[in-house]
Amino acid sequence: MGKKFKKRAAWGMVFFIVLLALSGCSGAKETNTPPSTKPTDTPKVEESEKPAEEPKISGDFEIQYFVGGYGDAWWKEVIGEFQEKYPDLKIKQSAGSQINEQMKPRWIQGNPPDVVYIDGAGSNETQMVQDDQLMEITDWVKQANNVDGENLVSNLIAAPQDFGGKNYTIPLVFGSWGTFYDASLFEDKGWTVPQDWESFMATSEQIKASGINPYIHTGKYPYYIVGGLLNSGFVAENGDNPQILKDQEAAKEGSFNNDAVKKTLSKLVDMRDKGYFDNASYGMNHTDSQMLFLQHKDAMIPNGLWLENEMSKDVPAGFKFGFIPSVMQNAGGKFIAIPYTSNIAIAKKAKNPDAAKAFIEFIFTKQAAVRWAEITGALMNVKADLESSGASNVVKKAMNYFNGSDTIVAPVFKLNADLEQAQNDATIALLQKTITPDEWIDRMEKAAAKAR
Amino acid sequence: MISIKKKMSMTSVWSRRLFILSFLLPTLALFALFTIYPLIRGLYLSFFDWSGGSETMNFIGVNNYKELFSDSIIPTAIKNDYFLIFWKVILIMLLATFFAVALTRLRLKEYGFYRIIFFFPNIISVVVIGVLWSFIYNPSLGFLNAFLSLFTKNPIEINWLGSPNLAIWSLLPPSVWAGIGFYMLLIIASILGIPNSLYEAASIDGANEWKQFTGVTLPLIWEQFKTSIIHIVITTLNGSFIIVKLMTDGGPDNQTQVLGYYLYQMGFKQYHLSYGATIGVLILVLSLITTLLINRILHRDTIEM
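Just so you know, the protein sequences line up as chains V and U, in that order. With the numbering used here applied, the first sequence covers 1 to 452. With the numbering used here applied, the second sequence covers 1 to 305.
Bound conformation, chain V alone:
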């Protein structure tokens, strides 16, 4: 009997342990599942004792930042200095290359960090605005001063992106799309650096005659050629008015069906029919296409200002990066710089908005911009004197373009993800002759109508 009891007890315990383990499992799982089924009207936001109208910056403060090509050295440095300034603040850094995915459940649950730097895979500021995740800062940002007492906005290269008259984000990293070439190769071969569409086509013809492919692009990710070639054409053909890009961003009717777009597309078709595109472009990712460019299989490539840093390990000796903001402008026209930015924003449900604002005022300084350039080799979105800094040559050269009167810097814009995908697909199809320019326009107008 005792034996039997023991046996039963043993089995009972096995069962119990299994149950325990399982409940542990499901418990753990439940915390992971986004309770998005619950509408927002069950706000569990802990009304933690906010310092009642106290201007003193203290309490908890959390910042989320993506760590990618720019590293995290700059962040650690400025956050360290910020901590010194406000020793009462308990700062939490949520950072890493997968941080966007890791923090997603918390955004969905309505428990976001205070400040977010929006960059890297899985992040999209337009989507975050649509999802009502970011704090509207329209009025605050206009009058905000940085810690040096300078007006924050007037120091910026690119103004905060306009979302239907409202601001939610501030561009932190600034760069520009453009056409890149090897200055030494051009010099050796005696090719003239294009100044406009005419000279671009003439130079391409020369390059082709010498047995090199004039132009390669990243066919697998068509937004490179859209950013580096097409968009500047839209602006140039629109009488240098970049409003067309903002209209496209707003998916306005006719923003893709107009003369500016038609003329730009016909230039593209002309380039295609003259055989200036390297056939290897299609299906190729950015690294492969950039390698071919570095190996002089191709003379020019549409890309962004990060290119030199990105490829720094593979640049052959004697290679000298050259940069032209745009080639699609007609003779005598101005250069068009199409910017790309990575933005910083305050969460709508930030628990410590005072600290968040103080942090933004703290980092948008000239000194921080110089440090950014020195640490990352790229440009922070603050007008600063970089000549003596460690920024890359191509970045300094680009800065000269932006400061010059011959260049129009288009406003920050980003197409909605559906429109961007449609534009990528249609552009590749046009370059591969599977659709006509009219079909390109038709597809885009349909996509825009759907996005409205």
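Worth flagging that the hints you see were computed from the coordinates, not collected in a lab. Treat the hints loosely; a few may be bogus.
Said to hold, decoys possible - Restricting the straight-line Cα-Cα distance to at most 30 Å, the calculated cross-link-like pairs of lysine-lysine (BS3-like) are:
1) V/K92 - U/K269
2) U/K66 - V/K252
3) U/K269 - V/K348
4) U/K153 - V/K274
5) U/K269 - V/K450
6) V/K450 - V/K348
7) V/K366 - V/K351
8) V/K351 - U/K269
9) V/K446 - U/K245
10) V/K414 - U/K269
11) V/K142 - V/K357
12) U/K79 - V/K450
13) V/K313 - U/K245
14) V/K246 - V/K348
15) V/K56 - V/K85
16) V/K104 - U/K66
17) V/K246 - V/K104
18) V/K450 - U/K66
19) V/K450 - U/K245
To be verified - Non-contacting residues of chain U with respect to chain V, defined by C-beta distances greater than 10 Å in every case (computed):
20) V126
21) A207
22) I289
Positions of the beta carbon are idealized from the N, C-alpha and C atoms, including for glycine.
With chain V fixed as given, assemble chain U onto it according to the hints.
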């Protein structure tokens, strides 16, 4: 006496039940948690409009399903999925069976060696396979064009993954190459289970190797054969996402789009998570229908050995 016996058998029945339950319950619970729950959750999501990032979801009824039928990319994706299924089933089964029969029936000395060689792609991560084949296909620096150029005057510059007509065909070799080994092992195992006496009897009756294959081997491995085909169908519908993601991203212009990748693109790149869930439901339905159909078509009476 009887009551004691009964009591004893009762307790033994209970301990037996308890014993079985302690194995079944955890499995059932895990299955429910990781398979049934996500399934229902996906179905549930497909009736909402949710970006995947916002705190609120809007119930929109069957609008996602309506959208599914008017979406011009869906037919392309379905066509491509079945293109891959068709060719993968034919090529993998043909080659796997051929190698299996060759290795077992022809009694090659290097049996062990070949078995390892053919199985090798299966232990490489699909990610590595995708990257490896992208290098092979590279139009300027790739191995394939360089190899083909040996036989021509002018260097070959075919863009395997970038041309609208070739791209989907180019996805086949890596998928087939990566699949053969596993199914070959399955078939080898079932061939090895066939008693040798059957082959001896067949050869005494004058059956040649081919006759032996069609008359003895094939009928006896049929169940394994069917299972393999169904497995290829299911893994292709669910898994071609990886190879597409690695090699083409569905491009150029959706020419290599498959349902699995389109789900990912819609759910995570274009921020329509609920629409992605709807595509997931479509994949589930298609998998079920296809599996049932194939099961019906390939049904044979089981042959007892």
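Here's how the hints hold up against the structure:
1. V/K92 - U/K269: holds, 29 Å
2. U/K66 - V/K252: Roughly 25 Å separates the two Cα atoms, so the pair holds.
3. U/K269 - V/K348: With a Cα-Cα distance of about 23 Å, the restraint between U/K269 and V/K348 holds, given a limit of 30 Å.
4. U/K153 - V/K274: holds, 24 Å
5. U/K269 - V/K450: holds, 17 Å
6. V/K450 - V/K348: holds, 28 Å
7. V/K366 - V/K351: holds, 28 Å
8. V/K351 - U/K269: Status holds; Cα separation ~29 Å.
9. V/K446 - U/K245: Within the cut-off at roughly 26 Å; holds.
10. V/K414 - U/K269: holds, 14 Å
11. V/K142 - V/K357: holds, 13 Å
12. U/K79 - V/K450: holds, 25 Å
13. V/K313 - U/K245: The given pair, whose Cα atoms are some 26 Å apart, holds under the 30 Å limit.
14. V/K246 - V/K348: holds, 24 Å
15. V/K56 - V/K85: It holds: about 11 Å lies between the C-alpha atoms, which stays within 30 Å.
16. V/K104 - U/K66: holds, 29 Å
17. V/K246 - V/K104: holds, 28 Å
18. V/K450 - U/K66: Cα-Cα ~14 Å, so holds.
19. V/K450 - U/K245: holds, 26 Å
20. V126: With a cut-off of 10 Å, U/V126 remains clear of chain V, as the shortest Cβ separation is near 17 Å.
21. A207: holds, 50 Å
22. I289: holds, 29 Å
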